[in-house]
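Residue numbers (this note's numbering), protein chains in the order written: chain A, 289 to 574; chain B, 289 to 574; chain C, 289 to 574; chain D, 289 to 574.
It is possible that some hints are incorrect.
Since the list gives no way to pick out one identical chain from another, each pair is judged satisfied if it fits inside one copy or across any two copies.
Said to hold, decoys possible - Distance condition first, Cα-Cα at most 30 Å in a straight line; then the derived DSBU-like pairs of lysine-lysine:
{"#": "1", "residue 1": "Lys477", "residue 2": "Lys533"}
{"#": "2", "residue 1": "Lys533", "residue 2": "Lys379"}
{"#": "3", "residue 1": "Lys347", "residue 2": "Lys291"}
{"#": "4", "residue 1": "Lys379", "residue 2": "Lys447"}
The hints are simulated quantities; they were obtained by calculation from the structure and are not laboratory data.
Protein chains: 4
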Amino acid sequence: MEKTVEAIILVTCPDQRGIVARLASALHETSGNILDAAQYTSDSTNTFLQRIHVSWEDKKVSHASVQRALNPLIEELQLDVHIRFGNTPHKVAVFVSEEDHCLHDLLLLRRDRALRCDIALIISNHPDLSSIAEQHGIPFHHIPVNKSCDNDTEQRQIKLLEEHDINLIVLARYMRILSAEFTQRYAGKIINIHHSFLPAFAGGKPYHQAHAKGVKLIGATAHYATAELDEGPIIEQSVIRISHKDEVTDMVRKGRDNERTVLARAVRWHLEDRIIIHENRAIVFE
Amino acid sequence: MEKTVEAIILVTCPDQRGIVARLASALHETSGNILDAAQYTSDSTNTFLQRIHVSWEDKKVSHASVQRALNPLIEELQLDVHIRFGNTPHKVAVFVSEEDHCLHDLLLLRRDRALRCDIALIISNHPDLSSIAEQHGIPFHHIPVNKSCDNDTEQRQIKLLEEHDINLIVLARYMRILSAEFTQRYAGKIINIHHSFLPAFAGGKPYHQAHAKGVKLIGATAHYATAELDEGPIIEQSVIRISHKDEVTDMVRKGRDNERTVLARAVRWHLEDRIIIHENRAIVFE
Amino acid sequence: MEKTVEAIILVTCPDQRGIVARLASALHETSGNILDAAQYTSDSTNTFLQRIHVSWEDKKVSHASVQRALNPLIEELQLDVHIRFGNTPHKVAVFVSEEDHCLHDLLLLRRDRALRCDIALIISNHPDLSSIAEQHGIPFHHIPVNKSCDNDTEQRQIKLLEEHDINLIVLARYMRILSAEFTQRYAGKIINIHHSFLPAFAGGKPYHQAHAKGVKLIGATAHYATAELDEGPIIEQSVIRISHKDEVTDMVRKGRDNERTVLARAVRWHLEDRIIIHENRAIVFE
Amino acid sequence: MEKTVEAIILVTCPDQRGIVARLASALHETSGNILDAAQYTSDSTNTFLQRIHVSWEDKKVSHASVQRALNPLIEELQLDVHIRFGNTPHKVAVFVSEEDHCLHDLLLLRRDRALRCDIALIISNHPDLSSIAEQHGIPFHHIPVNKSCDNDTEQRQIKLLEEHDINLIVLARYMRILSAEFTQRYAGKIINIHHSFLPAFAGGKPYHQAHAKGVKLIGATAHYATAELDEGPIIEQSVIRISHKDEVTDMVRKGRDNERTVLARAVRWHLEDRIIIHENRAIVFE
């Protein structure tokens with residue numbers, strides 16, 4: 289039986305009348321059927337953003353043919369278009385240190401196809417988690433990091449990332465800071481999990497900070513990494529309730545569930561092309 | 289300065305290829321600009337549902353002219369279409385008994401224009417809440433109800449509803465059961481708040497039931513009222529945490545916040561035409 | 289029929305062996321029955337804190353007689369003891385500005401005896417909310433505030449507070465800053481609601497700050513007011529989910545429910561003597 | 289360096305004046321120091337319940353000596369007392385079928401000492417999860433179950449449980465029903481996770497039931513297993529938000545996090561002797 293070809297199209301352009309209809313028509317002319325469409329208009333920047341999920345019965349449709357069909361609009365409406373066909377999964381590298389709860393979760397979700405991607409390699413500044421990688425049959429690279437932002441180290445990392453054609457890096461409780469060069473090279477392609485409700489408690493030891501402050505909720509934030517530490521576009525956040533009885537070790541324990549859930553959700557949305565970064569905000573078409 | 293005219297269009301039809309594009313084109317031809325569109329396809333019933341928010345700069349556009357523009361599609365694609373223009377607010381009747389927390393909330397939200405509607409009258413089987421109605425300048429009708437589903441009583445209620453052209457009835461902790469005839473007459477136009485997480489604890493005294501069962505969360509459910517008690521399409525639900533220490537009176541107290549919030553959210557979605565009822569489910573385009 | 293006399297006793301002292309047993313024995317000797325007891329030991333400060341709910345069948349028991357019974361322990365164990373008998377409700381002043389959602393909630397909760405206190409007066413820097421005060425039969429004092437921390441204005445406020453013997457001030461969206469002198473005078477007796485998840489977005493316009501940052505949750509924090517703005521001991525916090533679609537006005541609307549609920553909870557705990565402030569943290573015996 | 293000996297004492301008895309003080313005194317006389325105490329009085333059954341955490345510096349204290357010290361009270365006050373010393377961890381058996389998310393979580397939590405117990409064996413009606421058991425060095429027993437409640441099968445299970453002196457059985461998504469004899473034999477010692485917000489959607493395929501009903505939240509419930517399926521005392525519950533877009537497979541995926549978190553929390557409370565079952569309710573001293 290013949291199956292369909294599917295793609296996700298992400299569009300950003302100056303807001304103007306008629307965009308939705310004209311995009312829909314252009315895709316209709318390629319014989320594409322719009323399975324889902326979601327849009328958002330930023331009033332402050334006067335920008336239109338849309339995610340369109342299209343299918344074609346004709347399997348000969350291609351990235352190039354869709355691109356060609358949209359070209360007149362791209363020029364006329366100043367569209368910034370990103371097209372990804374369903375049969376080309378993201379290639380992912382996971383960076384870890386010693387904590388394994390996020391890594392475990394990502395690997396199990398991928399195994400169960402709740403995350404559809406190819407986890408091509410795991411890079412760590414510690415050797416500890418190599419056996420988990422092995423259990424899942426994923427190459428593990430131990431690259432010690434003496435000091436954060438070290439150029440030689442990052443060159444070794446980048447070499448591996450390029451060899452594997454990586455287009456998403458997940459920092460799954462990776463405890464080293466990446467250089468501005470690194471984050472810019474992979475702008476919009478690095479997702480970090482920070483164990484606080486950002487912007488509260490950025491930087492080191494957020495649970496210690498939360499304990500000192502006496503807050504009643506602790507959080508986790510998944511965000512794109514940028515040159516400024518813990519300042520990149522926020523993708524997802526969640527909090528859990530604590531009390532004065534909870535010491536830092538209790539927070540660490542209770543927070544784990546929250547961290548891995550928030551990270552997994554953010555990674556999932558990225559893999560499904562549900563996110564457009566616009567003016568340092570992550571617009572998520574859930 | 290010229291302002292625009294806006295409308296919400298709700299569409300239900302058998303799923304088929306090209307609907308999105310054809311609807312968008314038809315609206316484009318009326319000079320309508322699609323401000324927002326959200327869709328859902330039910331695979332089990334093979335049905336397409338869409339909510340479209342359209343604006344026109346030409347203020348001469350009308351319900352009739354839009355209807356005309358869609359007519360060819362309505363026939364060809366078997367569309368079920370509901371169009372409402374922004375300048376015709378819903379006319380609402382609120383039914384209450386003795387508890388006032390939900391009523392207070394609805395009145396304050398309307399005052400602050402967080403609920404955009406015309407609350408035309410309040411009907412109660414008790415005289416207690418008349419002074420609140422008075423404070424807000426809304427007619428209050430005390431219609432005693434000796435037994436639920438009483439025909440004479442309901443005829444008096446219906447007479448009032450018709451006189452005021454009511455198209456939404458909100459049961460804000462109204463403690464009488466409406467007859468099947470009544471609920472059918474206003475099918476999809478009666479929103480009830482039930483103080484449990486339905487389908488658990490339907491019927492009377494849900495907090496007593498929850499206490500007897502020893503649950504750790506208590507809920508509230510806003511749903512459309514149908515002939516079967518507490519069985520209509522669920523619009524919104526939320527729960528709050530309790531413990532073994534909470535007696536029924538504590539649940540009553542803690543539950544109030546939850547009830548009013550859930551009800552207000554459901555009413556808001558209805559007023560903004562965000563809900564399509566499909567096969568006893570409320571599809572909410574949030 | 290004879291009813292019992294009840295009291296709440298709050299104890300703070302250096303941690304040492306046998307405190308619980310010795311306090312229980314001392315109270316037992318006054319013929320007191322311990323209805324509830326909850327304790328917490330701060331390891332970092334080596335401090336023991338306890339809340340004891342006691343009842344006596346003998347109605348002749350008094351603050352003085354209980355104090356006398358505890359005196360030997362107070363000296364020996366260096367107890368800091370606070371005793372409040374159930375028949376002496378807190379006297380409360382509510383400070384407001386223009387927003388009324390928190391005030392409404394407090395007044396309704398008091399009416400329903402969900403908050404057991406005597407709301408003796410309402411003070412506002414705006415005249416707007418006087419009619420609400422009138423509906424509930426509570427004196428309303430309009431004291432304009434030209435600039436925050438103005439000494440003359442605060443003297444007028446303090447005069448009223450003293451005349452009414454106020455021992456709790458609730459800042460229910462009061463938009464003026466109190467002076468260090470004022471907050472010190474009423475240390476541990478002023479509860480403020482701030483519409484953010486502190487310490488994030490302290491200071492003015494927290495929803496604007498939240499919108500600019502692109503967070504996915506917005507919060508509310510009830511805390512004791514101290515000389516440092518938005519830095520006092522946190523009593524309660526809660527968050528609600530938002531999305532990129534929510535503009536500041538949507539946050540304001542959605543946040544209201546959260547603010548009033550968080551504030552009411554904090555006030556309730558204070559009125560029930562469930563809170564001990566210890567080292568700038570609010571220990572809440574829920 | 290000398291360390292202390294600790295124990296948890298759970299007490300149930302008819303409510304009467306002076307219990308707290310007399311228990312505290314009796315323990316004080318054993319040189320025990322009360323580290324924490326929490327109590328609850330059920331008004332409907334007139335029953336007093338307390339959890340007391342005691343430490344002794346004298347390491348010669350024993351179960352027998354504490355029991356002896358309490359004996360006079362046990363008789364006089366009709367105490368039902370349960371004492372467990374900290375140095376005797378629970379012995380746990382985990383029952384599983386094919387789903388592994390709960391098992392993984394329990395094993396990782398035990399490894400990180402967030403669950404303090406000895407997981408002595410894993411019993412499954414499927415061979416699939418043996419490799420996980422192996423990775424953690426825990427004996428795995430594949431006992432096929434042709435039909436639920438089969439006597440021969442249960443005898444094999446019981447034999448293993450007795451050989452290992454098991455005092456807690458965790459049903460971590462075990463998909464077979466246990467007989468009334470089995471659940472009575474291990475009354476109060478079997479914790480099950482059901483993937484719904486009980487009492488809604490008891491029995492098979494709860495996510496299918498939830499989907500058919502169109503609820504807006506899905507839940508998970510950890511409860512003690514009794515002879516009546518899904519009717520035992522509820523220990524913990526939690527819900528997560530879904531929408532009309534979520535098909536049953538989405539619920540399965542989203543629900544996993546919730547199930548494992550709820551189960552782990554319930555198991556933890558049981559292992560820390562925080563639960564007293566009273567009249568088919570689980571009183572949890574959090």
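Hint by hint, here is what the structure shows:
no., hint, verdict
1, Lys477 to Lys533, "between (39 Å within a copy, 23 Å between copies)"
2, Lys533 to Lys379, "between (43 Å within a copy, 27 Å between copies)"
3, Lys347 to Lys291, "within (8 Å within a copy, 46 Å between copies)"
4, Lys379 to Lys447, "within (15 Å within a copy, 49 Å between copies)"
This entry satisfies every hint, going by the numbered hints stated previously.
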